[in-house]
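Novice: Residues per chain are reported as follows:
Protein chains: 2
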Amino acid sequence: MANFFSIFTITNLLILSLALNLSLVMRVYLNSEKHGQPKVVDVEGPATQRTLLSVSSSSGEEDIDKVINLNHGDPTMYEKYWMMMGDKTTVVIPGWHSMSYFSDVKNLCWFLEPQLAMQIIKLHKAVGNAVTEGRHIVIGTGSSQLIIAALFALSPADGSEPMSVVSTAPFYSSYPVMSTYLKSGLFNWAGDARSFNKEGPYIEFITSPNNPDGFFRSSTVNRTGGMLVHDLAYYWPQYTPISLPADHDLSLFTFSKANGHAGTRIGWALVKDEEVAKRMIKFIELNTIGVSRDSQLRAAKILEVMTNTSVDSSGESFFDISHHLMAERWRLLRAAVNNSRRFSLPEFAPGFCHFFQKETMPQPAFAWLKCEDDEVEDCESFLRGQKILTRGGSKFGVSAKYVRISMVDKDINFSLFLKRLSKLQ
Amino acid sequence: MANFFSIFTITNLLILSLALNLSLVMRVYLNSEKHGQPKVVDVEGPATQRTLLSVSSSSGEEDIDKVINLNHGDPTMYEKYWMMMGDKTTVVIPGWHSMSYFSDVKNLCWFLEPQLAMQIIKLHKAVGNAVTEGRHIVIGTGSSQLIIAALFALSPADGSEPMSVVSTAPFYSSYPVMSTYLKSGLFNWAGDARSFNKEGPYIEFITSPNNPDGFFRSSTVNRTGGMLVHDLAYYWPQYTPISLPADHDLSLFTFSKANGHAGTRIGWALVKDEEVAKRMIKFIELNTIGVSRDSQLRAAKILEVMTNTSVDSSGESFFDISHHLMAERWRLLRAAVNNSRRFSLPEFAPGFCHFFQKETMPQPAFAWLKCEDDEVEDCESFLRGQKILTRGGSKFGVSAKYVRISMVDKDINFSLFLKRLSKLQ
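First to last, the sequence lines map onto chains Y and U.
Heads up: the first sequence at position 388 corresponds to 388 in the numbering used here, and the numbers run straight through without jumps.
Heads up: the second sequence at position 74 corresponds to 1074 in the numbering used here, and the numbers run straight through without jumps.
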């Protein structure tokens, strides 16, 4: 009965997915008929249509040999939404545009495109997830660059020893490697914030909601001399209730997780202290001499649509639709997991979301799955045996019985994953 | 007479510039009339036309209070060429394209767009400035990121002390700061290659033609254990005779200096050794999780036009036109400098250029000017007094009597610079 239920919902999902794909293909074709051929060269048009069609036609059959890679948080789930929006986020960049290194010489962050700065502020205002007043916006080539920029900015250039960098386990698996790979004399990874007891200044990363487990977080160490970096990559309404606007000294956001455009390497920091902002800007200047201007122009256009669809009543709200998709995925995953004693998932409490003006549940971009079987000590290896690639708990500073699984991959991969999970029961 | 000559040529240049601007504005308007209004949103259209018009209307008058910033090598000179090319390099990127982190999972460099890789190879073949066979292409967020990636890749992770990094003075002013700003335990700046006498392995940067002075360069240290990084940012026909295809272990190129698109942060490395390529790729993965895909798509389109116009006979060859512009600027600069004993410039020998199939002169992207006056010890300060911002010799490891001056700025700035230089005689 349990097995029947799981397969039934997966089949339903596949039919829904097929219908959505077909409607999108129709829409793409209708749009191109209505608007005629583009006047300028379209860099990827036909390939995208092929991809769409191939996903549609193959999504009804399982490829038993296919390796499903849910190790990375590659947010390809969002492609469908942006297809549905058609030309609204298309950018046209003529060859002579944005050639100079400089975006805005009057801004402290001279490589920040003014229109992107404006759209970042508008989006935060519309969503209510961050205070932007009295903040400097520092743009980065993804939030990875901003994480290292923050470490550089918060560590004194003439310190007698490297600044300690901590985060509470399970922590984002990149923090340790980002703090150590250059063997910097400025900063160094000092491990789990819970066991950190060294005197003196330190930097604590607070990821909230947390990657990998999705829980809300606040500072663990709470000592004088602590400098906090709030990594708010997942503080968006599709993942978590927006309880209040974040009001920290240094907050990080990233384009990839907010809207799914991971290939456009854009992140931003909201920084209260001017000197810290200056040091972060200096780091990015030395590291990459600014941030690609064409990517920023594209980013501005995408954020504008996110804001506009949130406030109008067209029924195309990015956050409404994404929230719905994430809710459906979490419902299906919990149904698959709850039918078995082999796995477990975190349990979340609902919270009032000021964006949706109602109570919502956390539904993180990653599932933090635990293998409950006594025989399975290494959940990542166990799932790899099922051709499901995940990221094991040890990389996040905890037991290998846990794995992190991307919840934002394409429908076809998510469906296959659920089907294989159901078969393990 | 000398003064009359200088002013006469500057006036001529300004008239020519004005005529070119007007013809470009006409072309932009005619193109937009012919093609009608674009179907999709143009991110900067009206602003660009305003800029064009304002440059045209003000280029005939000198603003005596204007600070001319020739400190950076901001290659805005090239804007006109790309305007002239109209829609040929326009990219249209729909909102759902290039969303994944991954460009090409089959490539060692998984974040390299296949079409950009193809265009890089085609351009090198057309120009004849680098061997690409047997090389891995590693793409970077500008060549700055690749410089640090090379340092990371060539330094052993478990070395007992940091690897020494050297270059022959005058060296690119960023090498020292890039090698030291993170206080890395992997590598450290060890100064002028000429005075380097430490035993053991080392990394030598060879910039050829050299930034700042434009001369050809080869290795200075020439010892066992040396690893050479050839920075070939300026090895393009508009700057120097292309004597033969570069055939090194590790060569760096950058989009900004090849074609003027500094705002599109793209550089590339040609790397012989697979392990070195892998380490560079790892660095970029940790630093920025790849390189913006939209910037790469734009870059591919621009390189394609550079290659195509080099081999067809349309009279629109990027390298022909750029070479002509650089030759004219150098002619005017030398005329201004030779009329005085206060300044001097490097003297170059001509060389056979296999690209142009004739003898050509080096005409670097920077002028390496020396203040010959006995009273002027600090040439940068002296010129700053004339509201001309340059970069002083001490930043390049030599005497402050030298300054580096950008030769690739906008016409208006270059003309004002020449006029002020002429007045100093």
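Hint data in this document are derived by calculation from the structure and do not stem from the laboratory.
Treat the hints loosely; a few may be bogus.
Straight-line distance between alpha carbons at most 20 Å, and here's what the computed DMTMM-like set of lysine to aspartate or glutamate pairs gives [as the list claims (entries may be wrong)]: (1) Lys1183/U - Glu285/Y; (2) Lys183/Y - Glu1316/U; (3) Lys1198/U - Glu1161/U.
Novice: The structure should be examined with respect to each hint, and the outcome stated for every one.
Specialist: Against the structure, the hints come out as follows:
1. The straight-line distance between the Cα atoms of Lys1183/U and Glu285/Y is roughly 17 Å, inside the 20 Å bound, and the hint therefore holds.
2. A hinted pair counts as satisfied when its Cα atoms are at most 20 Å apart, and Lys183/Y with Glu1316/U does not qualify at roughly 49 Å.
3. A threshold of 20 Å between alpha carbons decides the hint, and for Lys1198/U with Glu1161/U the separation of about 13 Å falls inside it, so the pair holds.
In the structure shown, a violation is registered for the earlier hint numbered 2 alone.
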